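Asker: Sequence:
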Amino acid sequence: MPDIALKRVYEKPSPRDGLRVLVDRLWPRGISKQRAQLDLWDKDVAPSVELRTSWHRGDVSFEDFSAAYRAELAASGAARRLLGWADSAPRMSLIFAARDERMNHVVVLADVLRALSS
Numbered sequence: 741m742p743d744i745a746l747k748r749v750y751e752k753p754s755p756r757d758g759l760r761v762l763v764d765r766l767w768p769r770g771i772s773k774q775r776a777q778l779d780l781w782d783k784d785v786a787p788s789v790e791l792r793t794s795w796h797r798g799d800v801s802f803e804d805f806s807a808a809y810r811a812e813l814a815a816s817g818a819a820r821r822l823l824g825w826a827d828s829a830p831r832m833s834l835i836f837a838a839r840d841e842r843m844n845h846v847v848v849l850a851d852v853l854r855a856l857s858s
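One point on numbering: in this note's numbering, the residue at position 93 of the sequence shown is 833, and numbering is uninterrupted.
Rather than coming from a laboratory, the hints here were simulated on the basis of the structure. Remember, it's a predicted structure, so these values are computed and weren't measured experimentally. Backbone N, C-alpha and C define an ideal beta-carbon position, used for all residues, glycine too. Hints are supplied without guarantee of correctness; some may be wrong.
As the list claims (entries may be wrong) - FRET-style restraints, in silico, Cβ to Cβ: (1) D804 x R854: 15 to 25 Å; (2) K773 x V800: 13 to 23 Å; (3) E790 x R756: 29 to 39 Å; (4) E790 x P755: 36 to 46 Å; (5) V800 x P755: 29 to 39 Å; (6) D799 x K752: 33 to 43 Å; (7) W825 x D851: 17 to 27 Å; (8) W767 x D840: 16 to 26 Å; (9) V800 x P753: 26 to 36 Å.
Stated by the list, open to error - Pairs of lysine-lysine, BS3-like flavour, derived with a Cα cap of 30 Å: (10) K752 x K783; (11) K747 x K783; (12) K747 x K773; (13) K752 x K773; (14) K773 x K783.
Construct the entire structure; sequences and hints are all you get.
Answerer: Following this line, the structure appears as structure tokens:
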């Protein structure tokens, strides 16, 4: 199991990032593929369009969003696939574009990945 880090796509890439995986469904504005320096873009681990839209509109609390997103990840198996892909990497950075670094899908995804690996 790799060490899991969270990093905004707008921060400068670093060799310490390890495997860089964009985990957003939409490509981040203003970022070229060259600047992003990604190893993988895994749209499958991002929340569904419907769930993401509900969260951004403020229709659901973060608690409800988190529960629904966890259910989506469990049903799809996408988190397990990502762990399998990153198994040989010592570190995996989950790259995201959200402004809020504490309340977003990447925080939930990292928690799910850590739980699956233990």
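Asker: Give a verdict on every hint.
Answerer: Going through the hints against the structure:
no.: 1; hint: D804 x R854: 15 to 25 Å; in the structure: holds (22 Å)
no.: 2; hint: K773 x V800: 13 to 23 Å; in the structure: violated (32 Å)
no.: 3; hint: E790 x R756: 29 to 39 Å; in the structure: holds (36 Å)
no.: 4; hint: E790 x P755: 36 to 46 Å; in the structure: holds (37 Å)
no.: 5; hint: V800 x P755: 29 to 39 Å; in the structure: holds (38 Å)
no.: 6; hint: D799 x K752: 33 to 43 Å; in the structure: holds (35 Å)
no.: 7; hint: W825 x D851: 17 to 27 Å; in the structure: holds (19 Å)
no.: 8; hint: W767 x D840: 16 to 26 Å; in the structure: holds (19 Å)
no.: 9; hint: V800 x P753: 26 to 36 Å; in the structure: holds (32 Å)
no.: 10; hint: K752 x K783; in the structure: holds (22 Å)
no.: 11; hint: K747 x K783; in the structure: holds (16 Å)
no.: 12; hint: K747 x K773; in the structure: holds (16 Å)
no.: 13; hint: K752 x K773; in the structure: holds (13 Å)
no.: 14; hint: K773 x K783; in the structure: holds (15 Å)
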